[in-house]
Each structure stands twice: as structure tokens, then as C-alpha cells.
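Asks: With chain X fixed as given, assemble chains R and S onto it according to the hints.
These protein sequence lines map, in sequence, to chains X, R and S. At position 259 of the first sequence (counting the first as 1) the number is 259 in my numbering, and the numbers step up by one without a gap. So the mapping is simple: my numbering equals the position in the second sequence, first residue as 1, plus 324. So the mapping is simple: my numbering equals the position in the third sequence, first residue as 1, plus 644.
Think of the hints as simulated: they come from the structure by calculation, not from any bench. Keep in mind that a hint or two might mislead.
[Unchecked claim] Okay, derived cross-link-like pairs now, PhoX-like style, lysine-lysine, Cα gap no bigger than 25 Å in a straight line:
(1) LYS559/R to LYS124/X
(2) LYS114/X to LYS448/R
(3) LYS124/X to LYS135/X
(4) LYS7/X to LYS74/X
(5) LYS199/X to LYS118/X
(6) LYS147/X to LYS559/R
(7) LYS172/X to LYS135/X
(8) LYS448/R to LYS674/S
(9) LYS118/X to LYS559/R
(10) LYS243/X to LYS318/X
(11) LYS74/X to LYS10/X
(12) LYS448/R to LYS15/X
(13) LYS757/S to LYS15/X
(14) LYS78/X to LYS448/R
(15) LYS74/X to LYS135/X
(16) LYS745/S to LYS15/X
[As the list claims (entries may be wrong)] If we take Cβ atoms under 7 Å as the criterion, some of the chain R residues that face chain X in the derived model are:
(17) HIS509
(18) GLU541
(19) THR544
(20) ALA545
(21) ARG549
(22) GLY550
(23) GLY554
(24) ARG563
(25) ASN564
(26) TRP636
(27) PRO639
(28) ARG640
Think of the CB as a built atom: it goes at the ideal place given N, C-alpha and C, for glycine as much as any other residue.
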Amino acid sequence: MNLLEIKNLKMDFGKNAEALRAIDDVSFSIGAGETVCLVGESGCGKTVTALSIGKLVPTPPANYVGGEILLNGKDVLKMSSRELREIRGGVVSYVFQEPGASLNPVFRIGNQIKESLKLHRPEKATNEEVIRLLKLVGIPAPESRIKNYPFEMSGGMQQRVMIAMALASEPKLLVADEPTTALDVTIQAQILDLLRDLKQRLGMAILLITHNLGIVGDMADRVAVMYAGQIVELAPAKELLRKPFHPYTKALMNSVPKLRGDADRLSAIPGNVPRIGNFPPGCRFAPRCPIAKPECSKKIPELLEVEPGRFVRCPFWKTNQPVQ
Amino acid sequence: MWQFILKRLLHMIPLLLGVSLLTFLLMALSPGNYFTALQQNPQISPETIARLKAQFHLDKPWYVQYFFWLENILRGNFGYSMAYKIPATSLILSRLWNTFTLSFLAMVIAWVVAIPLGIFAAVKRDSWIDRGSSLIAFIGLSISDIVLALLALWFAAATGWFPIGGAPGPGFGESLMEQFLDYTHHLILPSLVLAASSIAGIMRQMRSNLLDTLRAEYITAARARGLTEGWVIYKHALRNAINPLLTIFGYSLASLLSGAFIIENIMAWPGLGRLTMEAFVAKDSYLVVDCVVMATALLVIGNFIADLLLAWSDPRIRLE
Amino acid sequence: METAKPISIAETKTPLSPWRLFWQRLKRRKIAMTGGIILIFLYLAALFAGFIAPCGYNHLDTDHSFHPPLWPRFQGFHLVVPRSESPGGNFSYQIVPNDTKPLRFFVRGDEYKLFGLIPTSIHLFGTGDEKYPIYLVGADQFGRDVFSRILYGSQISLSIGVVGIILSFALGMIIGGISGYFAGGTDVVIMRLCELVMSIPALYLIISLRNAFPPDMSSSKIYAMIVIILSFIGWAGMARVIRGMALSLREQQFVLAARSLGQSHLRVICRHILPNTFSYVIVAATLSVPYYILGEVVLSFLGVGIQEPQASWGNMLTAAEDVNYLQHYPWLLAPSAAIFVTVLAFNFLGDGLRDAADTKSL
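Pulled out of the complex, with its shape left as it was, chain X reads as follows:
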């Protein structure tokens, strides 16, 4: 049994006539100790999918209309408030994109970390444990840092504190939503090193959300690619990067600027990501797809396992596509 199994998850914003589907039939799983990257552009639904794991999307306006999220075999969507509070922090912990915004500005960071400890590991709610956690995430001179307020620290430090807070409750799954997007490149590298290090030491599973393919290569065991609320490709990381199957994945990889070879024009995917509520009929990528055929716009293709462990939502995945 996998640590996390999302099966055919469907979620709307709003009700009845005004319902906008944000998550459309999403399925993937994460095993213990595995790192899965969820890749996609802004607005494709990756954040709400991740937040759904802890049922953190406010309902209303969100509305789960189908599927289940099995965390250690139990469906999160059916849990009571008490059960939810146990798994939040206890089984799954979050690290968010804006480190400064995730820390309460009026409380000292030591107290904020202790709060998490008091809730999940009360016997360890001590200053010593807080210092140990801060050391674990690589904050220098942690003894003096526990009295700091968040605004007294740099972005990179704040993110480390967030990670320390997430680890305080010893979760089995760490969900990191674009944890490095708001940071400088050099700090990015440090935080990713930290995550990799922690993964090895603690045997934690990680769901890493990103739109940066470079990070995928660095960190992921498996990758799920999302587009317009749907998973369009699911594969082990190395294989996906070496040989992507879905036209969208291929286009994404092509749009990463290369340092070698002929540099002519930056290739971009023409058109725009369809907005929620404005999805085209049939395959959602069809309007922008270089190999789209008329039948693509008639029916949404199924997500099929075309090779062992490789899933694609495109019947023409074998077609050779024009490549730069």
C-alpha cells in the first residue's frame, strides 16, 4: 500500500451552474521515501491538488465532486476534523512558496516551532529540540535565532525555518509547493541540497511542486505533468527527461533555453493556457498542439499506461514531432 494514493480526484469551485472544474480526474501515487515532482504552469491546478492532500482548500468555495485521497489507506476527504488535525503535521507537512508569508509576523520563530512540537510531540516541546531542528536545516547559531522575529531573517533563512517547522512533527510526506521560486538562484540550490539531504537522512517522501524542469532532474524519482486540471503524463523522472511522450511535455522541454547548439529563436508554446471555466472541448492542449488532429478536439483522451510505469494522455504520443 502506498503512502499516498490519489484516485480520480475531481474538484470544482462554486456550485451547480457556476461550477468551475479545477481538478479533473487526477490520479497518482507516492510511495514511502519517494520523491515525486508535480510539474505544470501557473493555473494548472497543481497547488490545489497538493493542498487537497491535507484538505486545506476551503470548502466553500471548493467542492469535491469525485474520487478519493488515500493517506495510509484512509480517505482524507471523508475524515472528521479531529482526524484531519492529526494527519496535518503528523503525516503530511507543508512548505509553501513565500517563506516570509508563511510565518506569523508577530510571533518569535522559536515559539512558532514549539507550537508545532507541543501539538504532535509534546514530550519534546523544549528549546533544545527547537535548536536541534534549526541545526538540522542548517541555520547557523540557532541558540540566538530562536528569539528572532521572521522579518529579522533573510528569505533563505525563513525558508529553512519553514522546513524546520514542517519537520518538527516528523511527517511521512513533505509537500513542498514551489519552495524555491521566491528565492535567489544560489539560495535555491542550497535549499534543494537541504531537501535532498533530509530525504536521505529521514526517509521522508516528498511531493515537490514546481514549474522548473531543472529541479525535476535534480530531485525527482517520478514526475507527473499537469495541464489545465488534468494529469497528461506520469513517468519515472529519468525516462521522462530522456524521452518525453506527451506533446506538452515535449514542448515544455523544448522551451528551456539551451546553452549549446544553434541559438536561433527561443521556442515558446503558442497561445495561452486555457483559463479555468474556458476549457476547450476534447483534449485541452489541442489548440496549441503541433500534432493535433480533428478528432483530438472531440473527446478527452484517457490517461493510459503505454509502457510499464509510463502513463500518457495522448493517443498520438508515438508521432514524431517537429523538434528544434
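Replies: Chains R and S only, in chain X's frame:
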């Protein structure tokens, strides 16, 4: 922190001086003074009037008058009220105290009622309580103080539970407790009326602040750590939502003092506002200036206290 | 990869201009539109006050002092107005049976000037006979029709609100714009002045300003004085906010671009900086008009604003200050209903404008 306090205190002095100068100037622009009316009175000889005028320096240009007035103020002497024929100092101080008690009680009532209502409205957003209190807030914001005060007087007359405005009695032969009860009895209706007009604004502000705070990412992060909803709201969100409220404290104090002015005059509560009108009508110019400066001082000090509270509450301000 | 795919239709809708977008968002807010419609009615009524009012504002009738509301009633299919008299002479009235006059429209009555220009004596409704007055709300202690006086009062109160706002906001925008744009010494001086004015609680400042004017003035002078006083209160707050906006706007590149094209400071302020503050100003203006109206009401109520026999909502309320009168003749409070509806309508509209301008919300 002490630097901050000192800087603000030093700042207040030129401000009050400027205010007194402005008010004095405005007063000087107006033709006629207290003695203009007296001049019509055939029983008072022109010589007496001239003598009184000289005594109060009213025969000199306004900047000289200002200088004498300032000199007196710095000696703690508010001068002599021409209309009341008593030294103005005790008059002003007692009226000031009454305005202060009225405003303070009204403020306490308003905040005690408005904040829980605002929290409730934000937490149970779009429930009938939220919509209901929003409607009442709208209505409250739209009813003038004047009307509320008149209605309150009507209420007092109709039920007889409260005195119909007016001042507490002089208290001869009454015990301290009886005087206190009499004072409070007269104070209740005016402060309720004054509080009523503030409640709406504070409640809406609290609701809007809390809603904004609840949208913040650190609130989602707090929930994600498994904290109960109550803990998240009352410990994390509220603590942040209160800060912007402290900044509007200053504005609410200004409107409280203006409201007190109206209510004192309609309900005959013997405060600074009532004294100002009485002095104005009698053209007792110095008294008007004294009152305006006192009211301004009250406002400025109140703002200062609000800023202190804000600095204490928000570490970002304290440690900058 | 060659980009040959045409852009799909969904992406080719013409974007709306900010004003059209704003208007669309405003239309969706029913409460704001209700407020707006109420205001249109109120201002139309004020414009045609003389016509709609059955009597002039100073039409004395001591035979009907403190008369309760006297409405036309049905006699068969006709609307008629009965006569009423007071047998004991102590302000209690009885209807005289079988003594009525029919209600007519476009009837001749007191003389007045429509729009302040055209002398006429045609009124919307009435009986045409002074002995058969209609009191929609009641009469005051001089027998004057309260409803008519409310209408005449609305001319003053509603117009003062708008004129006062325009004057003080224009002042505030210019001063604030200059202060924020030039910064430095000018800014410091102007802001200190603002702070000075804002430190005095509003009503105390109003009375101080009233002090600067002679106690007796002609009614048109009083009107102008009230406008000046109210503007003096309002400009400082607006100047403060505009100054803040100007301070940040001047750092923006379009200002640098304008200057590099040789535009003068004045032009930059007027054509670039100030227009960017409009969305805030319009909302603030709508929400502030009630305070200006209330300012005039307070001044007139305290006896230092609009004087008798002119009708103003404020000076009409002084009659209600006597609790005895209030208990026996509650219609004396009627002007407060007019004030309430006006302020409520402005608040509804202002709230809706603010929501519509805030594109981050729904």
C-alpha cells in the same frame, strides 16, 4: 523606544502652539467681542467698558493679545472667563473631565460591543448574523448623532428611566457613593448614544481586517500544522488583525470628540463641547480658544497613546 | 519549433477599457445601483422642490400650528381634502364633516421661482384653497407644511454636500499632488499644515471657523460661508492621501518618461499623477458627501448656519429639541428621515463604487 516617546512629545508642543495661533487668528477676524453686547446696555458706562477692555487687552491688536494669552497659559492660568466671571481654569478643567469621562465610557462600550461582533461576522461569514449585523452597521453609520441624541431624550422622557439630559446635581449633602451614582446615571444615556455611532465603523473594520488576515498564507500554514480552527483564529489571526484597528483608533477618537460636542449640546452634558458653544455665543473669545486647544490636546494625546499601543503590539514597528 | 498554429478564438475577445469594466462591475452590485437611483430621485426632487411642494417654505398658518398629518381621502372615486379646525385652540384638531375640497393637480398656489429663475405659482398637487391645506407629514409650530420645508431644505443640504466636496477635494488634490510630487521642503511645510488642521476635532474647528465670520449675514453669504467652512475641514485629509499616492507615483517610469519629453512639472502633475488617483478620489468623495451634509445640518441645528425663515434640515430639527414638542408632535423629527435616506443612499453607492474599483475582489 524612549527616543520615540521623546520625539513625539517634543512634536506635540509646536503643534499645540500652532493650533492656538490658528484659533486665535480666526477669532480675531470676527468683528465684535464680548463687550459689543455690553455696549448696548445703557446701565454700563462707556468708561467701565473701556476699563474692562484694557484689563483683558481687547483694545490691543491680536498678536499682542495672543502673547498675553500664551504667557498666561504657560503659567497654568487659563485667564478669566468674561461671561462666567470666574477664573477659567477650574471651569475648563471640570468640563474637560466630563468630556473625558463621556468619551472614554463611549469608547469602551463601542469597542466591547463592536469587536466580538466583528469577529463573529468574519468567522461566520455570509451567515444571517453577518448579514444582519452588516445591515445594522450600515444603518448605524447613516443615522446622524443629532437624531440619535433627540431620540434618546425622547426615550428618557417617555420611560422616565434616565434623566432627560442635564448635569448631575451639585451634590450637597450627598455621600460620595450617591454622587457617583448620580453622575453615572446622567452619564449612561449620552455615552450609549455616542457609542452607537462608533460601533458600526469599528465592527466593519474588525470584520474586514480579520477576513484579510484569514486569507494570509501563514494562516493556511498554521492549519496545515494541525492546529484547531479556534486556535488559528484566536491566537494567530486575531493578533494580526488587531493591529490595523489600532491605527484607526486615532480617527475614531477624533470622531468621538466631535460626536461628544454634539451630544453634550443636545443632551446638556456639561462638557468641553457645551462650554465651547456657550463661550461662542457669548463671544467670550479667550474661552473659545482655550476650549479648542484643550480639545486638540486631548486628541493629540489620545493619538499618541494609540501609537504607543501599536508599537507595543507590532514587533515590526517596535524594532525598526 | 516553428509556431504556425493560429491562436484560438477564445483568446481574441477585445479587452474592455478600465471605465467599461468598472461600469460592468458596478452594475452587478444591486445595492449600489439602488443607492444611485435613490440619489437621482432625491436630487430631482430638490431641483423641482418648489413645484412638488404644496406650499412655500414660509407659508405661515397659525390656525394649523402643530397640525398632525392631513391626507386626502377617498370619496367615491375622487380624492378630496377635508377641512380641519381646532375647537379648543390647544393644538388638537378635528375633521369638519362634509366640508371638503377636491384634490387637484397642477394647481395654483404660493409663488416661487422654478430653478431659482422662472417665477410661477403652479404646484404639482393641492386644493387651490388656503383653508384646505394638505400636510403630508404634519405642520410645525407656525403651521408651515413640514413636507414642503423638507423639500426646500433638500435644495440646500444636497447642494452643499456636492459643492463642498468638489471644492475641498479639488483643493486637496492640488495641494497633495504638489506636496507629494515636489517632496523636500515644500512637502514638509504642507504636511505640517495638514497635520495642524487635522489635529483639531472637526466640530471644534467648525466653530472656530464660524467664529471668523460675523454672526449676522445674508442667507446667500451664509451658504457660501458654510461651503468655505466645510471645505476647510475636508481638504487636509484628502491632501494627505493624495500626497502619499503622488510620492509613490513620481517614482514610476512614466513620470520620468514624461519629464524626458520636456513636460513641465504642472503638466506632469495634472496629466499624469492626478488622473491615477481618480479611482480613489471618486470613492472617497461619494463616501464623504454625507459628512458634508451632516456638517451643514449640525451648523444649522446649533443655530449658526442657515437661519430662519430659510428651511434647512438642520434648523428644522431644532424644533424637536424640546422634548415636550417631540412627545406630542413626533413628525417634527421628519427631516431626520430625509437625512437618513440621503446618507444611506450615499453609503450604499460609495460602498459599491469601492468594491467595483477593487479589481482584486470578485
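Asks: So which of the earlier hints does this model not fit?
Replies: 2, 13, 15, 16, 17, 23 and 26
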